[in-house]
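Heads up: the sequence lines are chains F and G, in that order.
If you're matching positions, the first sequence starts at 5 in the working numbering and goes up one per residue.
If you're matching positions, the second sequence starts at 512 in the working numbering and goes up one per residue.
There's no promise every hint is true.
[Said to hold, decoys possible] The list that follows gives simulated cross-link-like pairs (lysine-lysine, DSSO-like), each with its CA atoms no further than 27 Å apart:
hint : chain 1 : residue 1 : chain 2 : residue 2
1    : F       : Lys243    : F       : Lys226
2    : G       : Lys653    : F       : Lys18
3    : F       : Lys516    : F       : Lys443
4    : G       : Lys658    : G       : Lys514
5    : F       : Lys226    : F       : Lys191
6    : F       : Lys89     : F       : Lys18
7    : F       : Lys18     : G       : Lys728
8    : F       : Lys18     : G       : Lys658
[Unchecked claim] What the simulated footprint calls covered on chain G by chain F, stretch by stretch (three residues with Cβ under 8 Å from a Cβ of chain F suffice, anywhere in the stretch; the number is not a length):
hint : segment
9    : 523-529
10   : 592-602
11   : 701-707
[To be verified] So, partial list: chain F residues that the calculated Cβ filter (under 8 Å) puts toward chain G:
hint : residue
12   : Gly24
13   : Asp304
14   : Gly545
15   : Cys599
Worth flagging that the hints you see were computed from the coordinates, not collected in a lab.
All residues carry an ideal CB built from backbone N, CA and C; glycine is no exception.
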Amino acid sequence: MDRRLERILPRVQKPARYVGGEYNAVMKDLSRVDTRVAFCFPDTYEIGMSNLGMRILYGVMNGMDGVWCERCFHPWGDMEAELRKAGMPLCALESGDPIGTFDLIAFSVGYEMAFPALLNMLDLAGVPLRSADRSGLTPLVIAGGTAMYNCEPIADFLDLVLLGEGEEQIVEVVELYRQAKREGWDKHTFLCKACHLDGVYVPSLYDVSYHDDGTVRAIVPKDGAPARVRKRVVTDMDKAYYPAKTIVPSTEIVQDRITLELFRGCIRGCRFCQAGYVYRPVRSRSEELCARYAREAVEDSGYQEMTLSSLSTSDYRPLVELCDDLEPLCEREHLNLSLPSLRADNFSMALMERLQKGRKTGLTFAPEAGTQRLRDAINKNLTEDDLLGSCRRAFAGGYSAVKLYFMLGLPTETDEDVAAIADVAAHVMHAWRESASNKNRGIRITVSTSWFVPKAHTAFQWEPQISIEEYERRVALLRERMNTKTVTYNWHPSPTSFMEAVLSRGDRRLCKVLSLVHEKGATLDAWEDYFSLPRWLEAFGECGLDPHFYANRVREHGEVLPWSHIDVGVTDSFLWREHERAYEGVTTPDCRTQCSGCGANCFCPCDH
Amino acid sequence: MSKLRLLFIKENQASYISHLDLMRTFQRAFLRAGVTLRHSQGFHPHPLLSVVLPLPVGQSSECELLDFETERDFGGADVAERLNAGLPAGLRARACYPPERSARALAFVRARVELDYDGGVPAGTLDALRELFSRGEVPVEKRTKHKELTELNVAPLIRRLDWCEAKSLVTADAVVAAQDPGLNPALLGSAIARHLPDLAPDFLRVRRLELYDAEGKTFR
Numbered sequence: 005m006d007r008r009l010e011r012i013l014p015r016v017q018k019p020a021r022y023v024g025g026e027y028n029a030v031m032k033d034l035s036r037v038d039t040r041v042a043f044c045f046p047d048t049y050e051i052g053m054s055n056l057g058m059r060i061l062y063g064v065m066n067g068m069d070g071v072w073c074e075r076c077f078h079p080w081g082d083m084e085a086e087l088r089k090a091g092m093p094l095c096a097l098e099s100g101d102p103i104g105t106f107d108l109i110a111f112s113v114g115y116e117m118a119f120p121a122l123l124n125m126l127d128l129a130g131v132p133l134r135s136a137d138r139s140g141l142t143p144l145v146i147a148g149g150t151a152m153y154n155c156e157p158i159a160d161f162l163d164l165v166l167l168g169e170g171e172e173q174i175v176e177v178v179e180l181y182r183q184a185k186r187e188g189w190d191k192h193t194f195l196c197k198a199c200h201l202d203g204v205y206v207p208s209l210y211d212v213s214y215h216d217d218g219t220v221r222a223i224v225p226k227d228g229a230p231a232r233v234r235k236r237v238v239t240d241m242d243k244a245y246y247p248a249k250t251i252v253p254s255t256e257i258v259q260d261r262i263t264l265e266l267f268r269g270c271i272r273g274c275r276f277c278q279a280g281y282v283y284r285p286v287r288s289r290s291e292e293l294c295a296r297y298a299r300e301a302v303e304d305s306g307y308q309e310m311t312l313s314s315l316s317t318s319d320y321r322p323l324v325e326l327c328d329d330l331e332p333l334c335e336r337e338h339l340n341l342s343l344p345s346l347r348a349d350n351f352s353m354a355l356m357e358r359l360q361k362g363r364k365t366g367l368t369f370a371p372e373a374g375t376q377r378l379r380d381a382i383n384k385n386l387t388e389d390d391l392l393g394s395c396r397r398a399f400a401g402g403y404s405a406v407k408l409y410f411m412l413g414l415p416t417e418t419d420e421d422v423a424a425i426a427d428v429a430a431h432v433m434h435a436w437r438e439s440a441s442n443k444n445r446g447i448r449i450t451v452s453t454s455w456f457v458p459k460a461h462t463a464f465q466w467e468p469q470i471s472i473e474e475y476e477r478r479v480a481l482l483r484e485r486m487n488t489k490t491v492t493y494n495w496h497p498s499p500t501s502f503m504e505a506v507l508s509r510g511d512r513r514l515c516k517v518l519s520l521v522h523e524k525g526a527t528l529d530a531w532e533d534y535f536s537l538p539r540w541l542e543a544f545g546e547c548g549l550d551p552h553f554y555a556n557r558v559r560e561h562g563e564v565l566p567w568s569h570i571d572v573g574v575t576d577s578f579l580w581r582e583h584e585r586a587y588e589g590v591t592t593p594d595c596r597t598q599c600s601g602c603g604a605n606c607f608c609p610c611d612h
Numbered sequence: 512m513s514k515l516r517l518l519f520i521k522e523n524q525a526s527y528i529s530h531l532d533l534m535r536t537f538q539r540a541f542l543r544a545g546v547t548l549r550h551s552q553g554f555h556p557h558p559l560l561s562v563v564l565p566l567p568v569g570q571s572s573e574c575e576l577l578d579f580e581t582e583r584d585f586g587g588a589d590v591a592e593r594l595n596a597g598l599p600a601g602l603r604a605r606a607c608y609p610p611e612r613s614a615r616a617l618a619f620v621r622a623r624v625e626l627d628y629d630g631g632v633p634a635g636t637l638d639a640l641r642e643l644f645s646r647g648e649v650p651v652e653k654r655t656k657h658k659e660l661t662e663l664n665v666a667p668l669i670r671r672l673d674w675c676e677a678k679s680l681v682t683a684d685a686v687v688a689a690q691d692p693g694l695n696p697a698l699l700g701s702a703i704a705r706h707l708p709d710l711a712p713d714f715l716r717v718r719r720l721e722l723y724d725a726e727g728k729t730f731r
C-alpha cells in the first residue's frame, strides 16, 4: 500500500471505503491490458457501490479482453482535505494508480446535484476540467446515467456522452477508442466518428445560439454530427448482462444487498416522473431467468437480503410466481426479500405476509397529492379508496406504521389540494381505528412532503417550479391542518430542490456557473453537509445569470428547449398532449390497459 | 452443531475493516463457503460468531481468532480452504479447529510496533525509550468506550519489551496484556508522545504476531 495513504487513513472516517480489495473486485495483469478505464461515481463509495448500473457496466467492461475497468468515488471531505494536503491525486481502488493517467475517465451521473462532485473529481485527478483544454485523445472524459438526458450544464467538461442504457454502447465506444489509439487518430477525428454510434452525443459538435431573452434560438450540429441523438436501449432483457457475480463491499453501503432487476420502464405514465418517461419502453426479464440470477447471486455473494427492483415492482406480471420460486431459497438461506416501489392499488397483503415473516415494521405509500383532482392531473391513477383499502389490510395484518409521501408545488395545485393532504392522513388514522388487529400498539403515521422539481423529458418540462416563499407558505398551511398527535409531518427547508430545478433544465451557459461554483469550493453538493445556496447565488451573480430564469419560468410550447436535440423515444407531441390533459384533469390509462402512442415502441415492441 | 475456532490473518487493505464490518464480512464468507452458521433463538435471530480479541482498525495481525457455531456437526476440516476461495484481499484463513480452551485463557499478545522517524532516528532514542518503559508509572490518556478521557498506567500491562533500531525506524517486540484490562500496543506511542515529546514518532504501525496464555504458551 502507498506509504502516504497509510499515513492518511488512520485520520479519516470509515477508511475501508478508500482501500478496495473487496471480494470480487477485478484485478488484472497490466502486461495484458491495453485500455484502462477509471469508472467514476461522483458521490461517496457507499452511494456509488449501491448503484446497479455501476455494477453492470463494471462487469461488462471487465469482460472485455485487454480492458481493465477500475472504480473511483468522491472522497468525503476529511479524506479530500488529506489528499490535497499530501499532494496525492485521486486514485482507482483496484490498482491504486492515479486515474489521470487512464485512457478513459467514465462517470455515471444519476442526479444533477452531483455535477460539482464530477468537476471536483477531475480536479482531484489533476485533469483539466474543460474538454477544450484536453487536446489529446487521452484521457477521454465520458459520462452516462439518468442526469445525462440533459447534460447541457456540464457539456463543456465532457468529451462524449452515452445516452440511455450503456451495456451495449460502452463496448462500442471502448472498441472505437482502441482503434483510435492503435491508428493514432487525434481527438477530433475520434469524436467525429464516435458521434455516429447509436446513443452517443458529442456536445462539442453542436453550436447553441440564444435569443436576447435568454431562450435557446437554435442547436446546430457540425462536422456531420446527427441533428438529433436518440438514446440507446437494450431490447431483450433476457440477453442483457446481469452481474450475478459482483463486488461484495467489506464495509456497509446504503443498499447493502442483492439488487435483482425485474424489468425496465414503467407502464404508469405519472406526468411528473422523469424515470417513467426516459426508461420507456417496458421490457421485462423472464421469471425463470430472474429466479436463476437470484440463486446465483445469493450463492456467490453470501448476502441474505435481496431487493426485487424496478420502477413499480407490483406491476411485474409474474411477481407471485417469482416469489413462489424463491421461497425455498428464502427458507434455506435465511434470505429476506424486500419489495420497494409497491403501488397502493395492487399491493397484495398475502404477498407481503409471506415476504416479511414476522417482521412487521412499516409500509410506505406515495399518493403524491391530496385530492383526486390533483392525482388525476398528475396521472397518478390511484384513488383514496385504493390507499385506504391497502392500509386497512395492512393494519388488520398487524402493521402499525405507515409513511405517506406527497409533493408540494405540482402544476395546478391549490390550497384545497394542500389541505387535503391532512385529510388523507386523518382518513388513514380512521382506517386504523376501524381495522387494527391490535390497538394497544398504537399507530404511527408519517407524512412527508417534498418540493416538486419539474424535469426535462416529462409532461411538466414546460412548468415553473413554485418559489421558495410559496413552497414555505404551503408547508405552513399544511402544518396548521396537521393537528393529530399520531401524525408526524416531515418537510425539508431544502434549497437543494431549487438548485436541482435550475440544473435539471439548464442550458450550456450554466457551464460557467458550474466552473465558478467549483472554484468557490462546491463538492458533494447532493449532501446538505456541503450544499451552500449563497455560494451558488454568488456564482450566478458573477456570471450575470438568473437562476429563476431556469427554475421558475413558464416555457412556451414551441420554445427550443436546451435538450431538444436529445431523443428519448417519447415524442414531443405526446408530452405536450399529456401536459394539456393535466390541465383538463383527464387521466391517461396505463400502457397495459391501452397504448397511448407515446412513441417509445420505436425501439422494440412494448412488453407490458 | 459444532463450536469451531478460525485462525486468520488480517493485513493490508483488510486492516481497515472495522470490527462490525468484519463480522458481516465473515457471515457472508461462511455462506459462500457453504458453512451454515447456527443462529440465536431470539425474536431477531442472529448468527453466532464472535472475534476473540478485536483488532483496532488500521493494525494488522497474523493470529486473529474467530469463534463460531455451525448447524452441522463436523470438525472444521477444509473450512479454511473453502473460506480462502472467497475472502477480501488481506484476509486469509490459516486453520479451523474445535477450540480446546475458552477465550478467557488468552492472557498476552505479542506484537511488533514500528515507529517511523522520517528525519532519521534521533541519537539516544533507544536508551530514552528503555528508561521510560522501565519506570513503574507510565500514565497515558485513553478514550473510553463512552468517548471520555481516562488515565491508564501502561507499565504493569507490559510483560516484555525489546527495542531495536534500523534506518529511520525503531522497532519494538512487545508482549502485553491481552484482556481485563488489555493494552493496545499503539498506546506505547501515546506514552512516548506524552513523556518524551521530542521523540514522538511520525507514524506508528502495529502488527500482532502471537497469542499466549498466562504461562506464556501459544494460545490457540
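To see whether the hints hold, each was checked on the structure:
no., hint, in the structure
1, Lys243/F x Lys226/F, "violated, 36 Å"
2, Lys653/G x Lys18/F, "holds, 21 Å"
3, Lys516/F x Lys443/F, "violated, 58 Å"
4, Lys658/G x Lys514/G, "violated, 34 Å"
5, Lys226/F x Lys191/F, "holds, 16 Å"
6, Lys89/F x Lys18/F, "holds, 19 Å"
7, Lys18/F x Lys728/G, "violated, 36 Å"
8, Lys18/F x Lys658/G, "holds, 17 Å"
9, 523-529, "holds (count 6)"
10, 592-602, "holds (count 5)"
11, 701-707, "violated (count 0)"
12, Gly24, "holds, 6 Å"
13, Asp304, "holds, 7 Å"
14, Gly545, "violated, 43 Å"
15, Cys599, "violated, 45 Å"
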